[in-house]
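The listed protein sequences correspond, in order, to chains G and Z.
When we follow our numbering, the leftmost residue of the first sequence carries the number 1, and every step to the right adds one.
When we follow our numbering, the leftmost residue of the second sequence carries the number 665, and every step to the right adds one.
No lab work stands behind these hints: they were computed from the structure.
The reader is advised that the hints may include incorrect statements.
Unchecked claim - Partner residues aside, some chain G positions facing chain Z, computed with beta carbon under 10 Å:
| no. | residue |
| --- | --- |
| 1 | Val-470 |
| 2 | Arg-479 |
| 3 | Phe-489 |
| 4 | Gly-497 |
| 5 | Asn-632 |
| 6 | Leu-643 |
| 7 | Trp-653 |
All residues carry an ideal CB built from backbone N, CA and C; glycine is no exception.
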Amino acid sequence: MAASSERSPPPFPDSEEPELLEDSDEEADAFTGTSISEMDSPSPDSTRPPKDIFNEPPEDIFSDPLSNINSEPQKKVDAKIPSPSSDEAVDLFSDPLDDDSEVMSSPEVQNPMPDLLNEPVEAPKSDSSSKSSSVKKAASAEMFGDDDDEEDLFKEPPKVVTKKPQPSGPPVDVFTEVKSDVKVKPQVKDDPTDLFAEEALTAPAPKPSSGSSSSRTNGVHSEEQDLFSEATVELSLDSPCNDRKNKEAVKPSVSAPAAPVASSSSKAPSKSLEELEEEESEDKFDLNISITNPEKVGDGMNAYMAYKVSTQTSLTMFRSKTFTVRRRFSDFLGLFEKLSEKHSQNGYLIPPPPEKSILGMTKVKVGKEDPSSAEFVERRRAALERYLQRVVSHPSLLQDPDVREFLEKEELPRAVSTQALSGAGFLKMLNKATDAVSKMTIKMNEQDVWFDEKIQDVENEEQHLRKLHVMVESLVNHRKELSGNTAVFAKSVAMLGSSEDNTALSRALSQLAEVEDRIEQLHQEQASNDFFTFSELLADYIRLLGAVRGCFDQRMKAWQRWQDAENMLQKKREAEAKLLWANKPDKLQQAKDEITEWEAKVTQYEREFERISATVRKEVIRFDKEKARDFNRQVIKYLESLLHSQQQLIKYWDAFLPEAKAIV
Amino acid sequence: MQLLVHSVSVDLNNDASLVIDIPDALCERDKVKFTVHTKTTLSSFQKPEYSVQRQHEDFIWLHDTIVETEEYAGLIIPPAPPKPDFEGPREKMHKLGEGESSMTKEEYAKMKQELEKTVQVHEVFLQRLSSHPMFRKDRNFQIFLEYDQDLTVRRKNAKEMFGGFFKNMVKSADEVLISGVKEVDEFFEQEKNFLLDYSSKIKDATAKAEKMTRSHKNVADDYNHISGALNNTAADNNTAFKKHLEKCAEVFEKLRKVEDRMASDQELKLTELLRYYTRDIQAAKDLLYRRARALADYENSNKALDKARLKGKDVAQAEENQKQCLQKFDKLSESGKKELTSFKARRVVAFRKNLIEMTELEIKHAKNSVSLLQGSIEILKSN
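Starting from the given sequences, assemble the full structure and let the hints guide the process.
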C-alpha cells in the first residue's frame, strides 16, 4: 500500500494544480504557493516540518492522507473488501508490492521514500498509472465492490499526467524530499472524502474524470458530509480574504458531480447538503426556528415546561416546509448529549444548551404566578431558541439525523440521564475538561503557532467576557433599582402634588408624577433589554468559549494518544532489538508483527490528530466569524433599544414642558 | 484646590444696592474656604465692595445669631446651609497628598460637582438675607460681609451641640403641645395644617429623589465599567472583532457621559430644590412655632391677669404683661402672615424655574443620546 501510494502521488498533485490554475487565479496561487513551500522546506529527514507547513493550507491533499492510509483502511478497506479477511497490515501490504511491506516493517520507516519516489521520476507516465491502478483497486473495491469504476479512475490520472508533463517534475521533487509524501497517495485510495475533495477540485477539467468522481462518490454515504466540509476547510484555511472567493470558485465543481450523484444513487441528504453549502457560502440560510408557547404540563413536582418548536424551511432534507413539535427541556439536553457523543471527538464545536436550574424550575412547578418565574420561563425559552439556532446553523450538525428527528419527529423517546448534565454537573464536566487541558498543555509542546496563540486568546477572551458579564449584570440590577426608585419617587411626587396649595404647581407635580411613572416603565423595559439582548449574549458566549476549549481538549487528547502510541512503538522496537541480540527467532516474528501493528497505530493516530486539528481549526474560525456577526447584530439591537428609550424620554419631557411653564 | 464656580444664583434680588456672590471656594484639608464677594451702594457700608474669606462655621454662626434675635421672631429665617459633605473624596485627596493630578479625572469631577453644590447653597443663604428688607440691615450680617479678618467664630463644643440637640427635642415636644392650642386665626390654622402635611411629603419626596438619582448614577457608572471591560477585551483580541469591541467601548463611554449629566442635572435641579424647600419649610414651621409660643404666652398672661384681678393684686403689672404679650403676638401674626405669603410665592417661582430647567436639560441630554446612538448604529451597520 505504501508503495502504491508513493507512486500515484505525482499524478494527483499535478492534476490539481494545473486545473486549479485554469479554474481561478486565486486558488492556483494558494496551491502553488503551498507546493512551493513544500519544496522549500528543507527537511527531508524529519516528518514534522512538512506537516506543519501543510497544516496551513491544503490539509486534504497532504496531511490528511497520512492518516487515511492507516486508519481508514482498517475500518473500511478491511470491512468492505469482499476478498480475504485480514488485518489492516495484510491488506495494506499484500495488495501492492513486496518492497513496501518491507519498507514498512523495517525500522527506518522514515527514509524509504527516496527509493520509492525515484521510480515515478524515472517513469512518470507508465509507472504512475500502473501504480495508481493498484491504489485504485483498493479504493474502488472498498467503495463499490465493482470493478467497472476502476477503469475510469485509472484513465483519469494518466491523462492528467500526459497533459501536463512539466508540472510533474516539481511534485516529484517535493515528494522525494518530504517524507509525508509517501502517505499522500493513500488518501486517494482509502478515503472517499479526500478523493472527492480532490475530485471536486479537478472536476471541471477532464470530463471523464468528473464523471468518475461522481460515480465514486455514489458509494460514499456517511462520508459525504466530510467531503464537503473538508473541501471548504482546506480553502478557508488559506487566508480569510481568499476564502470566500475560493469557496465560490469551488462550488460549481462540487455541484457538477453532485447532480449525477443525486440522480444515480438518489441520496437526498447529499443533495440538500450541497444546496446548504452553497447557501451558506452566500450567507443565506433558509431555516428558521422559533420556540414559542411555553406551557406547563402536569402538576406538582412532576410538572415540566413544554415548548413549541416551529421550523420553517425550504431545505429539501425536511419532509415539509413548516412543522411544529413539542419538546421539553430534557429533550434539548438529550440532543446535546447525543451530538456530543457522536461529534465532539471529531473536534466539532457542539453548541452547549442552557444550564438546568433547579431553583427556577421549582418555582415554576410550585406554580406561583410571580414575575420571577415568568422571567425564568422567558429566559429559558429564549436561551433554548438561540441554542437550537446555533445547532442548525452548523452545517455538519444540521445533517445529523438526531437533529432532524428533534425538529421533525412527533414523539421523541424520553431523554434519560440528562440529570448528569444538569446545572452543576454540567459545569463540573466542563471544568474537568479544562483541567485536563491545562495539565496536558504543560506536557504538550505546541508546534502549531496558530493553536498556541488561539488557545491563549480563547482563555483570555473568556476571562474578559466573564468580567464584562459581571458588569452588565450589575447594569441590569442597577437599572431595575432605578426603575423601582423612579416608581417610588413618582408616587411621592404625586402625594406632594396633592398637598400643594398652588393649583398650577399641584397640577404640574402630578403631571411630573405621571412622567416619572412612564419613565419607570422605560427603565423596566430597558433593564429587560440589558438582560436579554446584552447579558444573555455574553452568557452564551462564555458557555461557547468553554465549548471551544473543549474542542482544544479533544485535539489534545488525540495528540496524547498519538504520543502514547509513539512511545509504545519505541518500546516494541527495543524489545525486537533485544530479541535479535539474544537470538530468539521464535519470538522475533511476533515482535515484528507487534511493531507493524504499532506503526500502523502511530500513523493512524497521527492522522487522526491532523484531522482533528484541521477540524478544530475550521470550527474555531467559523466560530470567530459567527461571533463577530452575532455580536454586531446584538449590539445594534441593543443600541436600538436604548435609542428607543431616549426617543420616548424626549417625547415625555416635551409633553411636560408646557405644564412646567404653566405654573404661576 | 481652587475651584471657580459660576454663580447659578436664584435671582431673588432685583435690587442692586446689595449684591452678594461666592465666586470661588478653596477646599483645604478638612475645611472649605468660601470667598464672599459683596457689592453695595448702601450707606451703612464703609466701602462699596468687599471680598472676604468665610468658612462654613461662620455661616452657621450668622444663622444662629439671627435665630436668637428676638426681633426676627416673626420672620422665616433662611435655612442654614448644610455642612459640606464630601468626606470620601476629601479623605482620598488627603491620602494622595492633596495633589489634583493624583486624583482620577472622575474623582476630581465628582468632587468639583459636590463643591459647586455646596457653594451654591451657601450663596443662596446670603442672598436670601440680602434680599430681605429686615435681614439686610442686620448688624452681624454686615460684620460677616465686611470684616476682612478671620471671624474666629468659636466652634460649638460637645455640650453645646448636645444642648442644641436637646433644644430641638424640646421644640418638637412643644410642637405637639402647640398643635393642640386652639387656633384663633383661620389663616394660620390653614397654614399650620398645610405646612405640617407638606413638610412630611417633601421630606419623603426628597429621600426618594435622592435614591432615584443615586441609582441613576450607578447606571452611568456601569456604562463606564462596561466600556472599560470592552476595551480590555479588545486589547487581547487579534481578530476583526477587535475593532468592533473598541467601537462598542467608545459608544458606552459616550453614553456614560450623557447619562451622568442627566443624573447630575436631575440632582441639581430637582433633588436640590426639594432639599432646599424641605429646610425652608422647616424654617416656616419654626416661625409658626414661635407665633404659637407667643399665643400661648398671651393666653397665659390673660389667665394671670384674670387671677390678679380676682385677687386684686399686681393688676397693673399683669395688665402690662398681657399687653406686651398681645403686642408681640399681633406683631408676629402680622409679619408671619406676610412672610408665609411671600414664602408661597417664592416657592412656586423656584419650582417653576427648576422644573423648566430640568425638563429642558433632560430633553437636551436625551437628544444628545439619540444622535449619538443613531450615529453609532449607522457605523456598526456599515461594518
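Evaluated hints:
The closest approach between the C-beta of Val-470(G) and any C-beta of chain Z is roughly 8 Å, which is under the 10 Å cut-off, so the hint is satisfied. The criterion of a C-beta within 10 Å of any C-beta in chain Z is met by Arg-479(G), whose closest approach is roughly 6 Å, and the hint holds. The closest approach between the C-beta of Phe-489(G) and any C-beta of chain Z is roughly 4 Å, which is under the 10 Å cut-off, so the hint is satisfied. Hint on Gly-497(G) holds. Least Cβ distance to chain Z is approximately 9 Å, under the 10 Å limit.
The interface hint given for Asn-632(G) is met, as the beta carbon of that residue sits about 6 Å from the closest beta carbon of chain Z, less than 10 Å. For Leu-643(G), the interface hint holds, the least distance from its beta-carbon to any beta-carbon of chain Z being 4 Å, beneath 10 Å. Contact between Trp-653(G) and chain Z, as hinted, is supported at the beta carbon level, the nearest pair being about 5 Å apart and thus within 10 Å.
Of the numbered hints stated above, none is contradicted by the structure.
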